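Sequence order for the protein chains is A and B. Under the working numbering, the residue at position 260 of the first sequence is numbered 260, and the numbers go up by one with no gaps. Under the working numbering, the residue at position 22 of the second sequence is numbered 366, and the numbers go up by one with no gaps.
Fair warning: there could be bad hints in the mix.
Unchecked claim - Label pairs and their computed distance ranges (CB to CB):
no.	chain 1	residue 1	chain 2	residue 2	range
1	B	400	A	94	33 to 41 Å
2	A	13	B	366	36 to 44 Å
3	A	23	B	401	41 to 49 Å
4	B	375	A	94	37 to 45 Å
5	A	94	B	366	45 to 53 Å
6	A	259	B	382	39 to 47 Å
7	B	377	A	193	26 to 34 Å
8	A	29	B	418	41 to 49 Å
9	A	94	B	382	34 to 42 Å
10	B	377	A	18	27 to 35 Å
11	A	259	B	377	54 to 62 Å
12	A	96	B	346	44 to 52 Å
Read the hints as simulated data drawn from the structure, not as lab findings. Quick caveat: nothing in here was measured; it's all calculated off a predicted structure. We treat Cβ as the ideally placed atom computed from N, Cα and C, and that holds for glycine.
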Amino acid sequence: MTSLMRAVGRRPAPWLAGAALLWFALYRGLVPFSGWLVGLLPVERGSHLGNAWQFFFYDTPKVLLLLTGIVFVMGMINSYFTPERTRALLAGRREGAANIFAATLGIVTPFCSCSAVPLFIGFVQAGVPLGVTFSFLISAPMVNEVALALLFGLFGWRIALLYLALGLSVAIVAGWIIGRLRMEQYLEDWVREMPRTAAVADQSAVPLAERMEAGIGAVRDIVGRVWPYVVAGIAIGAGIHGYVPENFMAQLMGKEAWWSVPVAVLIGVPMYSNAAGIIPIVEALLAKGAALGTALAFMMSVIALSLPEVVILRKVLKLRLIATFVGVVASGILLVGYVFNAVL
Amino acid sequence: MKDVKVLGTGCSKCRSTTQLIEEVARARGAEIRVEKIEQMQDIVRFGVMTTPAVVIDGLVVHAGGVPSRAKVEGWF
Chain A
1 MTSLMRAVGR RPAPWLAGAA LLWFALYRGL VPFSGWLVGL LPVERGSHLG
51 NAWQFFFYDT PKVLLLLTGI VFVMGMINSY FTPERTRALL AGRREGAANI
101 FAATLGIVTP FCSCSAVPLF IGFVQAGVPL GVTFSFLISA PMVNEVALAL
151 LFGLFGWRIA LLYLALGLSV AIVAGWIIGR LRMEQYLEDW VREMPRTAAV
201 ADQSAVPLAE RMEAGIGAVR DIVGRVWPYV VAGIAIGAGI HGYVPENFMA
251 QLMGKEAWWS VPVAVLIGVP MYSNAAGIIP IVEALLAKGA ALGTALAFMM
301 SVIALSLPEV VILRKVLKLR LIATFVGVVA SGILLVGYVF NAVL
Chain B
345 MKDVKVLGTG CSKCRSTTQL IEEVARARGA EIRVEKIEQM QDIVRFGVMT
395 TPAVVIDGLV VHAGGVPSRA KVEGWF
C-alpha cells in the first residue's frame, strides 16, 4: 500500500486518469456481471427470488462504486475548501446573498457534527453574521456527498438533484429568517464575550498528489464506515421487491394522508443518523408506496436535526435560539414535503 | 520535553489521535507530555474550528481529523 502510494505520489496525473478509466469500465460492466452472477445461482430467472438476487447483485456494486467515486472526488474538492478558507470567504458579508453563498459552501466544506460548536464559534467570532452561519450549519450536514451519491445510485439523478435544490433552499431560507430575527443576544454569554478574531486562511498551494491522498483518505474513512448500511439498505430493497405488497405503506404515508408529512418530520427530528443509515429506511418506504415528499422530508429531518446535536449546541446557544433554529428548520422541511407531494 | 495538547470532545478520532502521538513519540524516543483538552471553552480558545486538533508548545500544528503517521513523525 505505501509503495503504491509512493508511486502515485511521483506521477499523480496519469494514475488519476487510469483510476477514472478503470472506474468507468467497472461501471459499464455491471449489468452483464450481475446477470452472470445470478445465472450461477440455483434459482429460476424471472422468479421473485431471481429478481431479488439480480437487484441485489446489480445495485450493491453500482451504489458502492458510485459512492467510492463521488467520495473520492469530494475528498479532493474538500481539500480546496477548508473551514478556515470558507470562514474567510464569508466574514463580513451582508445577509442575503451571503446566505446562498454559505449554504453552497456547506456542500463542499468538510464537516463533522462533532465540530459543529467550534465551527460555529469560529464563524461568529470572525464576523460571519449569525444567520449566514446558520445557513452553513444547516446545509453542511444535510446536503452532503454521501446523501447525494446514494440518492443518485438508488433513485436516479432527478431525485438527487431535487434533494440538493430543496436542501439548499431550506438552509438558505431558514438561515435568512434566523438572521432577520436578530437573535444575537441569545448566544451564550461566554460566546459573546470571546474576543473577535481576524479570519485568515492559509493560502499555500497543495500539490495534486496530496489532494489525491485526501481523496483516498476520504474513501477509506467514509466508504469504510458506511458500506454495511448501504448493503443493508439494498438487501431490504431487494427483499421487499418481490414480497411485501406494493401498497403496504401507501395508506400510511401516501399522498392522500395529509398528516403523514408532519408525522414523518416529528419522528425524524429527534432521530440521529447519517445519510447512509437512513437510506435503507427511505428505500423501503418508497418501494412500498410512501409519497416521495414524505420520504424526503423524513430523511432531511433525520439528517439535519437531532437530539444529540441540540444538546451540543446548547453549550453556545440559549434555549430560545435553539428552539427557533429547530422550529424554523423543521417548518422548512415540512413545507418541502408538502410542496413535493403536491407537485409530483 | 515537548508539551502536546490534543483538543477534542472525546470522540473516537480524538482517542486514536492521542494513541498515535504516544506511539510515535515512544518509537522515536521523544520526550513528550500529552494533555487532553476536552472542555469546549478551552478548545475554542485555541482558535481551531475542527477537531481533533493538536497543539505543540502552544502552536496549533494540526486540525480536523486524525493526522497521518508521516505528519506525526515530522513533529518529533
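Hint by hint, here is what the structure shows:
1. 400/B / 94/A: 33 to 41 Å: Distance hint for residue 400/B, residue 94/A holds at roughly 39 Å.
2. 13/A / 366/B: 36 to 44 Å: Hint holds: Cβ distance 38 Å, inside 36 to 44 Å.
3. 23/A / 401/B: 41 to 49 Å: holds (44 Å)
4. 375/B / 94/A: 37 to 45 Å: Since residue 375/B and residue 94/A have Cβ atoms about 51 Å apart, the given range 37 to 45 Å is violated.
5. 94/A / 366/B: 45 to 53 Å: Between residue 94/A and residue 366/B, where Cβ atoms are some 47 Å apart, the hint holds.
6. 259/A / 382/B: 39 to 47 Å: holds (43 Å)
7. 377/B / 193/A: 26 to 34 Å: holds (30 Å)
8. 29/A / 418/B: 41 to 49 Å: holds (42 Å)
9. 94/A / 382/B: 34 to 42 Å: holds (37 Å)
10. 377/B / 18/A: 27 to 35 Å: Cβ of residue 377/B to Cβ of residue 18/A: about 46 Å, so the range 27 to 35 Å is violated.
11. 259/A / 377/B: 54 to 62 Å: holds (59 Å)
12. 96/A / 346/B: 44 to 52 Å: holds (47 Å)
Hint violations for this structure: numbers 4, 10, all remaining hints satisfied.
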